[in-house]
Every structure is written in C-alpha cells, then in structure tokens.
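Chemist: Use the sequences and the hints to build the structure in full.
Respectively, the protein sequence lines represent chains A and B.
Per this note's numbering, residue 8 is the first one in the first sequence, and the count goes up by one each step.
Per this note's numbering, residue 3 is the first one in the second sequence, and the count goes up by one each step.
What the hints contain is simulated information worked out from the structure, not anything from laboratory work.
A couple of the hints might just be wrong.
[Unchecked claim] Within a straight-line C-alpha distance of at most 25 Å, the following computed SDA-like cross-link-like pairs (lysine to any residue) qualify:
1. Lys65/A with Gly84/A
2. Lys65/A with Pro589/B
3. Lys65/A with Glu493/B
4. Lys65/A with Leu256/B
5. Lys658/B with Asn97/A
6. Lys73/B with Phe42/B
7. Lys307/B with Arg793/B
8. Lys343/B with Lys459/B
9. Lys295/B with Arg85/A
10. Lys65/A with Ile597/B
11. Lys295/B with Arg83/A
12. Lys65/A with Val257/B
13. Lys65/A with Asp577/B
14. Lys295/B with Gly84/A
15. Lys658/B with Arg94/A
16. Lys459/B with Ile491/B
17. Lys65/A with Ile614/B
18. Lys307/B with Asn33/B
19. Lys65/A with Arg595/B
20. Lys65/A with Leu547/B
21. Lys65/A with Glu584/B
22. Lys658/B with Leu71/A
23. Lys65/A with Arg75/B
24. Lys658/B with Pro74/A
25. Lys65/A with Leu606/B
26. Lys459/B with Leu71/A
27. Lys519/B with Arg595/B
28. Lys65/A with Asn248/B
[Unchecked claim] Simulated DEER-style distance windows between Cβ atoms:
29. Arg157/A with Glu730/B: 54 to 60 Å
30. Ala103/A with Lys519/B: 38 to 44 Å
31. Leu144/A with Glu247/B: 37 to 43 Å
32. Thr143/A with Arg884/B: 46 to 52 Å
33. Lys97/B with Gly127/A: 47 to 53 Å
34. Ser516/B with Gly127/A: 57 to 63 Å
35. Lys97/B with Pro141/A: 45 to 51 Å
36. Gly684/B with Arg157/A: 22 to 28 Å
37. Glu107/B with Thr143/A: 31 to 37 Å
38. Arg157/A with Phe704/B: 33 to 39 Å
39. Ser37/A with Glu659/B: 36 to 42 Å
Virtual Cβ for every residue (Gly too), placed ideally from N, Cα, C.
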Amino acid sequence: MMASTPATTTTGGALVKSQGTAVAKAAGGSSEYVTVTIGGQLFGIPVLSVQDVLGPQKITRIPLAPPEIAGALNLRGRIVTAVDVRRRLNLPPRPAGEQGMSVVVEHRGEPYSLMIDSVGEVLSLPDEAFERNPLTLNPRWREVSGGIYRLDGRLLVVLEVERLLTFQGTSSAA
Amino acid sequence: MDDLLREFLTETNESIATLDVELVNLEQNPNNPPLIDNIFRLVHTIKGTCGFLGLPRLAAVAHSGENILGKFREGKLVVTPAAVTLILESIDRIKELLAQLEQLEAEPAGDDNDLIERLDAMAEGKIPAGAAPPPPPPVEVAPAKPAAEGDFDHELGRALKPGEVSLEELERVFQETAVLPAPSKAEPAPAPAPAVAVPVPAAAPPAAQKPTASAAAPKEAVATAVPAESSVANQSIRVSVDLLENLMTMVSELVLTRNQLLQMVRSLDNSEFTVPLQRLSHVTTELQEGVMKTRMQPIGNAWAKLPRIIRDLSVELGKKIDLQMHGAETELDRQVLELIKDPLTHMVRNSADHGIENPADRLQAGKPEAGRIALNAFHEGGHIIIEIKDDGRGLNTRRIRQKAIENGLATEAELDSMSTQQIHMFIFKAGFSTAAAVTSVSGRGVGMDVVKTNIEKIGGTVELKSEEGKGSTFTIKIPLTLAIVSALIVECAAERYAIPQISVVELVRVSGNSEMKIERINDTPVLRLRNRLLPLVFLDQTLRLVEQTDEIDTQSEKFIVVTLVGSYQFGIVVDRVFDTEEIVVKPVAPILRDIPMFSGNTILGDGSVIMILDPNGIATASSETAATESTVVEDEMRHARSSELMALLLFTAGGKEPKAVPLSLVARLEEIDVGQIEFVNGRHVVQYRGKLMPLVTMREGFQMRTEGRQPILVFSDHESTLGLMVDEIVDIVESELNIELKSSDQGILGSAVIAGQATEIIDVGYFLTRAFGDWFKNHDDSPFGQASEKRKVLLVDDSPFFRNMLVPLLSVAGYAVETADNAEIALKRRDEGEQFSVIISDIEMPGMNGFEFAEEVKRDYRWRETPIIALSSHTNKSDFDRGREVGFADYVAKFDREALLKSLAQTLSTEGNA
Chain A
8 MMASTPATTT
18 TGGALVKSQG
28 TAVAKAAGGS
38 SEYVTVTIGG
48 QLFGIPVLSV
58 QDVLGPQKIT
68 RIPLAPPEIA
78 GALNLRGRIV
88 TAVDVRRRLN
98 LPPRPAGEQG
108 MSVVVEHRGE
118 PYSLMIDSVG
128 EVLSLPDEAF
138 ERNPLTLNPR
148 WREVSGGIYR
158 LDGRLLVVLE
168 VERLLTFQGT
178 SSAA
Chain B
3 MDDLLREFLT
13 ETNESIATLD
23 VELVNLEQNP
33 NNPPLIDNIF
43 RLVHTIKGTC
53 GFLGLPRLAA
63 VAHSGENILG
73 KFREGKLVVT
83 PAAVTLILES
93 IDRIKELLAQ
103 LEQLEAEPAG
113 DDNDLIERLD
123 AMAEGKIPAG
133 AAPPPPPPVE
143 VAPAKPAAEG
153 DFDHELGRAL
163 KPGEVSLEEL
173 ERVFQETAVL
183 PAPSKAEPAP
193 APAPAVAVPV
203 PAAAPPAAQK
213 PTASAAAPKE
223 AVATAVPAES
233 SVANQSIRVS
243 VDLLENLMTM
253 VSELVLTRNQ
263 LLQMVRSLDN
273 SEFTVPLQRL
283 SHVTTELQEG
293 VMKTRMQPIG
303 NAWAKLPRII
313 RDLSVELGKK
323 IDLQMHGAET
333 ELDRQVLELI
343 KDPLTHMVRN
353 SADHGIENPA
363 DRLQAGKPEA
373 GRIALNAFHE
383 GGHIIIEIKD
393 DGRGLNTRRI
403 RQKAIENGLA
413 TEAELDSMST
423 QQIHMFIFKA
433 GFSTAAAVTS
443 VSGRGVGMDV
453 VKTNIEKIGG
463 TVELKSEEGK
473 GSTFTIKIPL
483 TLAIVSALIV
493 ECAAERYAIP
503 QISVVELVRV
513 SGNSEMKIER
523 INDTPVLRLR
533 NRLLPLVFLD
543 QTLRLVEQTD
553 EIDTQSEKFI
563 VVTLVGSYQF
573 GIVVDRVFDT
583 EEIVVKPVAP
593 ILRDIPMFSG
603 NTILGDGSVI
613 MILDPNGIAT
623 ASSETAATES
633 TVVEDEMRHA
643 RSSELMALLL
653 FTAGGKEPKA
663 VPLSLVARLE
673 EIDVGQIEFV
683 NGRHVVQYRG
693 KLMPLVTMRE
703 GFQMRTEGRQ
713 PILVFSDHES
723 TLGLMVDEIV
733 DIVESELNIE
743 LKSSDQGILG
753 SAVIAGQATE
763 IIDVGYFLTR
773 AFGDWFKNHD
783 DSPFGQASEK
793 RKVLLVDDSP
803 FFRNMLVPLL
813 SVAGYAVETA
823 DNAEIALKRR
833 DEGEQFSVII
843 SDIEMPGMNG
853 FEFAEEVKRD
863 YRWRETPIIA
873 LSSHTNKSDF
883 DRGREVGFAD
893 YVAKFDREAL
903 LKSLAQTLST
913 EGNA
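Modeler: Structure (structure tokens):
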C-alpha cells in the first residue's frame, strides 16, 4: 500500500534522480543522435529513443490501415508496427531494388519500426549548432522536425518521434 | 503520466472499491469496531497520500469523511444509514475527482465546499434537515462471500486483486525456469507452504523473491493478528500486468521456437538432440501453463461493485433485495473478466429493477418481503458458467408476444409454433423492452441486446429460463481464456489471415464447373447451401485488397468459410484454406484499433505476423441485410421518440465513403478556381467576398484539385467564415440523424445510416476551432452503462448554427436532445407539461435572455428541480456570479464542448445522487 513510508520515499528518490540527469544533460551542452538518411536528407533521432536497428524485414500488410502504416513485423516475438517515414514526409516511395533499413522506437509503450533508407552513425552534437525550424519549411516537415543542426557541409533535421507517430488515426489513441 | 501519480491512482481506486463494499457492510453491522477501524484507515490513507502528492481537493473531501469516521470510531456518533449515505457520497466525489485526475494529470479546478459543509455538519452531530437525504430503508444485502473471505484487516490481508498472482504460482514458474540450465540439480521444489500455516521462512527454496516476501509476511501476521485464513493472501506479491503480459509474450515465443525445433529434429533419425529437446518441450509446456495461470483471476473481482449497486438500487426503487454470491473464487482470464464485467452488472441491475417486485406485491404473492438475487459461478469443461437467478416476477410471456408482434419481429402464427423459451429470447433483440415504465435504471430497451452481443463477442452464450411469478435465471457460458484460440488460416489476395475457429461452421469449396457455385442476384453473390441462400462476403473486397469495381471471378476455385455471428450466418469467400493453428491473440497497435475487421494479430509458427479477422466486424461492415434486421426495430423506436427530420448534405472527401453535414450548418456551396487558392502562413486561404477565408481539408492526405474548380462548403457564424474542401457534393437528403457509432477521428462525430448507407457525420465545430484557434481536447468516451441511458436535454439557443452544432454532439454523447429557438418557446414546452433531465440555455438571446429565463424556470414548481446549464461566448466573473445567483447549475463557454459534456454528466450525476 501507498501509505507505507518507505515506499513513497523510494519513489521520491527516483524522481530527484531523474531530474538530476536532466540537469546534467543541459550542462553538457550537447545531445546524441542516431543519424539516418531518407531521400538524401540527413535526419537525427535522439539516441535514447532508439531500441534497435533492423535490415530489410518481411512485413505483413495491414489492409484498411492509414497509408503511413506499412504493416507489421515480428521482432523477436513482439509485433512491431512499421511506419513508412517517406510516406509520412510526403516523399516519393523508395526506388525499386533499393533496400531500406528500419529504426525501432517505442512510443507510448508500443514499438514502432520507422522505415528509412539507411542508418549512419551516432553523433554528439553541440547545442551551439542547433537552430529552430526555419519558418518557410514545408508544414509536413515542420510538423515532425524538432529543429535543425548545422553540421559541416550538411544540415541535420531532428526527427521528433512523438510527432512523427501522431497522424490521422493515431491522434486519439492515448 | 508520472509513475508516482499512476501508482497513487491504482492504489486509491482499489481502496475505493473496498470502501464501497465495506461501507455497505458497516450499514448492516454498525457495531463492528474492526470494520470501522479498517474503513477509517483506508480513508486516512487516501487523505495522507493526497496531501503528500499535493492534491488539496481530494485531501479536503477525504479529511471531512475521515472526521465522521473518527467520531464513529470513538463512539461519539452513531452509524446511521444517512451518515453512511453521506460518506458514500464523498467516496463518489473522490471517484469523480480521480477520474478527472487520471485524464488531466492534475486536479480539476473547483471546490467541494457543499459536500464538505454537509460532512462537517454531520461530524458535529448536526444533521441539517433537508440537506441530508431521508434515511433509506434498511437494506439486506447479504455480505458477499469475497468480502467475508478476503479479510480486510490489513493492507495485505485481502484476497488477490487485479494484477496480482499468488506467490505460489510465481514460485512455480520460477522453479521451472530454473530447471532449464541445470536439469540435474532440479530438485522438486518444496511443497508450497500449506494454506493455513504461518509461512515458515526456512521452507523457502533458493528463490530470489521468496525471502523478502516471506520475511515480511510473519511480521504482518504478528502486527495485526490476522485470522489464520488470511495468511494465504500474505503469500502473494504485487506484479504489474505489463510484466505478466511480457512474460506471456516471451513464453509464446518460446513455444513457437520449440515447435520449430521439434519439426527440424523430427526429420533427423537418432539425433542426439532428441532427448534434451523432449525435456525442453515438456518444461516449456509446463511453463506456458504456469504463466497462463498467473493471468487467472477470481470472478469475485467483477462482483465487488455489485453489493453497492444493489444497495443504491434498493434505496432508489424502494425494494428489499438480498444479493447472494457463490463461487466468487472461480477463476478466469483477466481479459475475459474485464469484458464480462459490464454485461454482468447490467444484468444484475435488470434483475433488481424488472425482476424483483415491490415488497407489497411480494407479500401479496406469498413470497418473503425481501427479493433474492443469486449469482453463482463455476467451471464446466473449458468454460465458466455464471448464473444470475432472481425470485422475482419472471418474464411476462404474453407481453413479449405482444411486443414482438408490435415490432414486427414475428407473426402470430410464428409465435404459436415457438416454445416459451424461444419467445423469451426476444428480449435480447435490440430495442425490446417490456417494462411498463422507463426508469432511470432500465427499461429503455437498450441493454439486453448489447449484453448478448458483448458475450458473443468473446465466444460465449446466454441462456434464459423464466417462470412467470417464480423468477428468471440467466445462464452465461464463456470460455476460460481468450489468450490461446484455435484459428483457421486462410489466404486471400496472396496474404494470409486467421479466422477464429469458434465462429466457423463449415468450409465449402466452389468452382464454376462443380455442383457448388456462386450465383448472383443483381450482382449480390450468394451460395445455395442445403436449399438455403447464404449471403457471401468477398474478403478481398471487404479489406479493399482489390478495387470494388473489379469483375468478381466466379469461375475459378474459391473457398467459402461459413461463419456464424450471433444468429446471422454468412460466407466469407477466400482463395485458399490452410490448416487450423493454435494462436496467441495479441492486441493490435493503437493506431489500428479503429479498424473493425481485425480483432488482433499474432505470430505464426513460421515467424510471420498475421492479422486475425473479426467475423463480427466483417458481418456489420459488409452486410446491410444483417444490419437492417436488427436496426429496423431500433429505428422505429427512435421514430417514436423524435421525428425530427433533418436535411443533410452528402458529399465525399478523401475516400469513397459518403460524409454528411446538417444542411442548415452550410452557409453556401461554392466552387473556387484553384488558381485563386493561396497558401499563406502554413494554410490555404482564398479571398472570398472581400475577406480572407481559411480553407481546411477533411484530413491530412487530402488531395486538393490541381486544376479546374475546387468544390467548397462554406460555413459561417456571425463574423467568421470557413471553407471545407471536398471532392464532390453528392446529394441533399432528408433523414433522421441518429448517430450510431461514435468516432475517435477528430472532425468526425460518428456514423449514421443515411439513405441506406453508413455515412460519417462531420463535426463542423472541430473545423471551426481548427481554423480559428483553440483546439479541443479529446472528448471522453462514456462507459458502457451510461451510454445506454438516454437523458432528455432541452437546448435553448437563438443561433441555429449552435443548435445544429450541439444536437449531433449531444446525441453522440447519448442524450436525447430537443431544441427551442428562444426562451418563450422553451417555456411553452413547460406549459405543455414536458419534462427534461437538464436544460442548456444560451445567455444572449433576443427577447427574454438567459438570466431571465433561468429566473422564470426557478420561479415555477414544474421545472424548479430541473438543472440549467448556461452557455455563453463570454464567461467573465460577473456573468458567472449572476448565473449562480439566478440558479444556473453551471456556466460553460460556448465553444468548449468538452466542458459542456463534463458539466452535463456532473450535473446529472449530482442530481441522481441527491
């Protein structure tokens, strides 16, 4: 029961701890991202939200699902919903013969496999290089982008997993 | 949500459930100090944790409740039914607050001073006359068996709760897992501590969890000196359901891997793997069974709320009801338990309301004054049987016959050939109620059909036996678990699907040149099956795997899965049929929950993911014949209630399915040259009548026309106009607007049958706010029981726009809405003797304004008791105060529909309790 003092203190302790890490991150002045490419554009997914990186998978189509849903796949006994990120970003489908990859993330306790073109590396990016979305950015993109990092010769768009997975049909699924 | 908060919600909800039972118990045994102590402690705990988490409203209510209980404990106050009612009321308030807390993750604004004042007055021994309800007649609710057994003397001293497993069970699972790596060391685990004995720490095998748990157990036992039987309960630990689900998933995976291995080894002769594999196989099976058992829960959990419900009902209806419950310890799967809870509650309510007669009638009939409702649960084969038996008046066969004829369900001749039992089954038809009077409890003719559908959904059946004057018995038979089901694997358009075996009747192979072939009546495919025509559904079309317009190939070989849903038989046409396979049903991802065709998905033995078809969903989605059979009655019933026809504009936007909007909401229909559409600030606008009009689309992926003219529906309200881009304007029809299915899609109120087709009704309010700021939050779903109770609402508003916007919204929320253009018309309704549960009134109206209207309503006795909710576009402090003064129960901003729904629910519930 909740009333027992030891239990509440422990939970309280955990709270303080998690705040502590948040502070540490801010002070460090950099964030880590897994880089992925989609249609030639470099994107970054916060490293902590990435659970798995997969090669091409056998995907079961799901009829009647929103078009962004590519299907479902079996990841070690878990059924993972595959999301076609190209479709989500209004990009043309991947050219035939080119094999894609997937990054598995968890969103509200459910695993989702984000289908992208290829996975790069893990980058630690300094806060100074961060910039908010330019206002002229395509609304579809602005919706899912958490901001831009200026890298040497390239720009990296931060993919906000939460917003990426919120589209027609998911908005009410809490 | 914050972990701490979530834990608090779980804990408190559990405590509240216990409190409900305990308080009713206390009412019957007022002089039971341990009982009072326990209640006091539970409330105290709630108060304490609320204070800790900074939830002042909850803490304040709990505190005042605790004061009274403290007085009870000290003997300064006598336990009276009135006092218990008041405490129950405070528990209800806590429940409400908790529900809101869960949604908002913060305590809702407002205060509970009204309640607290009454509680405090009670604590001081002053019972203000009029404020407290009259003492209800003594209720004889026999204490539930689980209540008696699950000892509440200490936090741990109680029966297993949802999500808990007995320690013994976990121990066993653990042991089996431990066996795997080192089989030679696997001594059989010492027998679990005998049920009655005090746990002996020495008996603990080298398991990680055991020492902590058993060390704690004796301490508890000493501290509270619990009776011996509760030491069984001490043998349990709390495990989250997620963990169990994960365990289940892992075990399923293990089973599948084992099967694959077995298959590989079978082809090898004399392999060295054979023996260890057999061992692995054996252990896996046991592990699977063990984990399955952890999901099992006593059915008593679903019953815990019933004593309170019966108590409240008996007070409300002035009846004496004795509720008996047997077999509460009978176990079934957690998931099944959840699904059976609501139907069960509904049936018990029905028995209390319709079945049991008034005390006077009972005495006259020579029966004891107190009616009896008995619940009985037991196992039989792979099923669990639940009986609900009452000794009331039984079903009136004559009335049912009459009603069946009235509703056109059967002819006189047909009825004559039916047995009494068959006639009784009519009560499960939609819209069927023989109750002479509609009470707030039941009698609306919705419910029993829902009960039956819900039970059938999980593969169960309901039977009914009734003898007039003696009582009725409902027998529900449901499978023990839904986790592992046998399914038929079929192929259609090169994809495989699973159909639950339970609904498959037979398989038929057809081809153009064989005796069995698909024939058609005006393009509707049918099959002659033993001299009956079987309606057919092509799975590829239903799932839109092929274009609807494709010529159906009736020549090639096909398979027909003859499926039975309820009493409706139809055939699902597929390309191939494979084997049946035992599958582990997993819920589909939240994104896909709205697709009615699938009940889940699973992983097959070969590791591929496969969707499980829901025959119910297919039947409803594809067959109008089946739908009309049951909806005819419903429609007629609705006709009787309201015959307001509404002109609806039908159109399509982003898809073939028709959408509709009340025509009166549409200001104009326009076609605009796409060249004029401009893209400004992230959205489409067009210059329209000298102003900029924002254009919105039905959904994200909507393809705007690239050339020519874009059809647009223009909505306008006072100053603002808005254009909705659509594909095509189809028609204008006059129809009733009965929204049958609520939608979770934003922008869609729900679906209704319009011109014989399921049509989505769009929510103009949503688009207006999307274009003009403040987004609404998701509106909450009303729970099972509530939705079926239609409350009459009178809406007074001069703006036709708002009337039209609110009517669909409110009818979706389950209210029967009538409208009045102004206060004078509304008052005319009063003079005609109409009664409403609640009135919603605009403030700014020509003629008599909202305040004057409220004053007028409160002045006259006829509607004095009817609560009024004010609706206004500006909600400032002084308006608010004035509203309170003239007697508005609540004051809601016009665009805030969530607040309106909440306010309605709250107003009606306080009304119901008072």
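Chemist: Look at each hint and say if it fits the structure.
Modeler: Verification of the supplied hints:
| no. | hint | verdict |
| --- | --- | --- |
| 1 | Lys65/A with Gly84/A | holds (14 Å) |
| 2 | Lys65/A with Pro589/B | holds (20 Å) |
| 3 | Lys65/A with Glu493/B | holds (17 Å) |
| 4 | Lys65/A with Leu256/B | holds (20 Å) |
| 5 | Lys658/B with Asn97/A | holds (22 Å) |
| 6 | Lys73/B with Phe42/B | holds (10 Å) |
| 7 | Lys307/B with Arg793/B | holds (24 Å) |
| 8 | Lys343/B with Lys459/B | holds (14 Å) |
| 9 | Lys295/B with Arg85/A | holds (21 Å) |
| 10 | Lys65/A with Ile597/B | holds (22 Å) |
| 11 | Lys295/B with Arg83/A | holds (23 Å) |
| 12 | Lys65/A with Val257/B | holds (21 Å) |
| 13 | Lys65/A with Asp577/B | holds (22 Å) |
| 14 | Lys295/B with Gly84/A | holds (20 Å) |
| 15 | Lys658/B with Arg94/A | holds (21 Å) |
| 16 | Lys459/B with Ile491/B | holds (20 Å) |
| 17 | Lys65/A with Ile614/B | holds (18 Å) |
| 18 | Lys307/B with Asn33/B | holds (23 Å) |
| 19 | Lys65/A with Arg595/B | holds (22 Å) |
| 20 | Lys65/A with Leu547/B | holds (19 Å) |
| 21 | Lys65/A with Glu584/B | holds (22 Å) |
| 22 | Lys658/B with Leu71/A | holds (13 Å) |
| 23 | Lys65/A with Arg75/B | violated (66 Å) |
| 24 | Lys658/B with Pro74/A | holds (15 Å) |
| 25 | Lys65/A with Leu606/B | holds (13 Å) |
| 26 | Lys459/B with Leu71/A | holds (21 Å) |
| 27 | Lys519/B with Arg595/B | violated (35 Å) |
| 28 | Lys65/A with Asn248/B | holds (23 Å) |
| 29 | Arg157/A with Glu730/B: 54 to 60 Å | violated (47 Å) |
| 30 | Ala103/A with Lys519/B: 38 to 44 Å | holds (40 Å) |
| 31 | Leu144/A with Glu247/B: 37 to 43 Å | holds (40 Å) |
| 32 | Thr143/A with Arg884/B: 46 to 52 Å | holds (49 Å) |
| 33 | Lys97/B with Gly127/A: 47 to 53 Å | holds (52 Å) |
| 34 | Ser516/B with Gly127/A: 57 to 63 Å | holds (58 Å) |
| 35 | Lys97/B with Pro141/A: 45 to 51 Å | holds (49 Å) |
| 36 | Gly684/B with Arg157/A: 22 to 28 Å | holds (24 Å) |
| 37 | Glu107/B with Thr143/A: 31 to 37 Å | holds (35 Å) |
| 38 | Arg157/A with Phe704/B: 33 to 39 Å | holds (34 Å) |
| 39 | Ser37/A with Glu659/B: 36 to 42 Å | violated (50 Å) |
Hints 23, 27, 29 and 39 from the earlier list are contradicted by this structure; the remaining hints agree with it.
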